[in-house]
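There are 2 protein chains.
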Amino acid sequence: MLSKKEIKDIQSLSLKKQRDETGLFIAEGPKIVGEMVQHFPEQIERIYGLASWAAAVLLTQKLKTTIVTEAELQRISQLQSPNMVVAVLKQFERKEPNAFSWAIYLDAIQDPGNLGTIIRIADWFGVQAIVCGPGCADVYNPKVVQSTMASIGRVNFFYDDNGGWLLKQTLPIIAATLGGRLLSKYNKMEKGILLIGNESKGLSKELIAMASHQITIDKRGQAESLNAAVATGIILSHLVP
Amino acid sequence: MLSKKEIKDIQSLSLKKQRDETGLFIAEGPKIVGEMVQHFPEQIERIYGLASWAAAVLLTQKLKTTIVTEAELQRISQLQSPNMVVAVLKQFERKEPNAFSWAIYLDAIQDPGNLGTIIRIADWFGVQAIVCGPGCADVYNPKVVQSTMASIGRVNFFYDDNGGWLLKQTLPIIAATLGGRLLSKYNKMEKGILLIGNESKGLSKELIAMASHQITIDKRGQAESLNAAVATGIILSHLVP
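Protein chains in written order, with this note's numbering: chain A, 1 to 241; chain B, 1001 to 1241.
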């Protein structure tokens, strides 16, 4: 049986402050927990799963596992409909990215779903680093974790809290804007840093001023803008060799 | 002051059954309500806004407006943090798409945010029709409406409830899959129907069997898959002239 303290400790990981202090985060559901166990077993702190979940998984996945009741799962889960298993994981080690061919710099991306989707996109296109400028959502927010799947362990992301990282870079800086040169005019680029702006305000003037290119996705219809994650995917698909 | 019946009628539009019966839907917040008033004034049934909202908007936007209190807004809003104004709108007239150069066919897209984002993508690339196969989210779900902005009025979408629509089509049918020919091998295509599959299961075998092309987005990294809306954007950006 889970102790009151254990339940409280797990619940508290829904808060960024608590995640920062403990260096832990949570992932829920058989799919992502299975991926974590498979790809990053060293990150597992503890797994809390229903007996029905534990019976269905391989022996290796039962390491560090506590069997919980439906009622206990309900209490420790962040989801409206708890999904069989909650894992507590150690946060990945992050360092300031230096050597890379492609990186993404995010300006105040606030929607956790967008941030998670962008991490998956980076992992698909082999982008080695995501740098989050001031105002971005926390990468260990449970909603971000749910939408990244195992990509969260494969892409290095770094929080540039004082906004000085970009100033030190020497690669081409490509700003995604609504008034730039058309994406179709560009060929593949060996290296670059793609700047993606906030969901409603776009990129700040300061960041646009630092860019060597302003790129706009060719528009054939009438929508005012594209979702930030969708724009990231389209531009990387076109530019990354 | 709003009557109890009026409050209940507005609240009930959170349910698909009620939206289907009345032919109405709701949109919330100054941005989307402003866009609806500007582009589709004939769809407005009634607007419920705070006095502070009404004071800030143009005269034309005050037509059919009822001033409500914060407490009333709280009661009729679907949002956790109500945002100044709720509009009740007439649903757009939809007809089975026949003449078009590009369409998107969705196989059980269940996440309202994905559906809304795909509608915006269609509007950006000038895709004239979205056909929703069995199992798709309702386009008038408030979360879909919030993520489409005014694109919801510009893209014709049609519910193919019995799944027979595709059989009648003569244009190239392009399935987005994980084991097809690489997108980079394709040039622009004048016309086509893009098939996009369910978020976790992908496209059904039956739909893949109907496709003239299976396309896979070139992968340079390790992610297992891309988000359905992101994949839609990348493929359309590459193929639509």
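Warning: the hint list may mix true and false statements.
[As the list claims (entries may be wrong)] Computed Cβ-Cβ distance ranges for the label pairs, DEER-style: (1) B:Lys1095 with A:Glu93: 40 to 46 Å; (2) A:Tyr186 with B:Met1001: 55 to 61 Å; (3) A:Lys90 with B:Asp1218: 47 to 53 Å; (4) B:Lys1090 with A:Lys62: 27 to 33 Å; (5) B:Glu1224 with A:Tyr186: 41 to 47 Å; (6) A:Arg220 with B:Leu1182: 22 to 28 Å; (7) A:Lys62 with B:Lys1185: 40 to 46 Å.
[Said to hold, decoys possible] Quick partial rundown of chain B residues pointing at chain A, CB under 10 Å, derived from the structure: (8) Ala1051; (9) Ala1108; (10) Asp1111; (11) Ala1150; (12) Tyr1186; (13) Met1189; (14) Asp1218; (15) Ala1231.
Simulated from the structure, these hints should not be mistaken for lab results.
On a predicted model such as this, the values are computed, not experimentally measured, just so you know.
The beta carbon of each residue, even a glycine, is placed where N, CA and C say it ideally should be.
Verification of the hints:
{"no.": "1", "hint": "B:Lys1095 with A:Glu93: 40 to 46 Å", "result": "violated (56 Å)"}
{"no.": "2", "hint": "A:Tyr186 with B:Met1001: 55 to 61 Å", "result": "holds (58 Å)"}
{"no.": "3", "hint": "A:Lys90 with B:Asp1218: 47 to 53 Å", "result": "violated (33 Å)"}
{"no.": "4", "hint": "B:Lys1090 with A:Lys62: 27 to 33 Å", "result": "violated (56 Å)"}
{"no.": "5", "hint": "B:Glu1224 with A:Tyr186: 41 to 47 Å", "result": "violated (28 Å)"}
{"no.": "6", "hint": "A:Arg220 with B:Leu1182: 22 to 28 Å", "result": "holds (23 Å)"}
{"no.": "7", "hint": "A:Lys62 with B:Lys1185: 40 to 46 Å", "result": "holds (45 Å)"}
{"no.": "8", "hint": "Ala1051", "result": "violated (24 Å)"}
{"no.": "9", "hint": "Ala1108", "result": "violated (17 Å)"}
{"no.": "10", "hint": "Asp1111", "result": "holds (9 Å)"}
{"no.": "11", "hint": "Ala1150", "result": "holds (8 Å)"}
{"no.": "12", "hint": "Tyr1186", "result": "violated (12 Å)"}
{"no.": "13", "hint": "Met1189", "result": "violated (13 Å)"}
{"no.": "14", "hint": "Asp1218", "result": "holds (7 Å)"}
{"no.": "15", "hint": "Ala1231", "result": "holds (8 Å)"}
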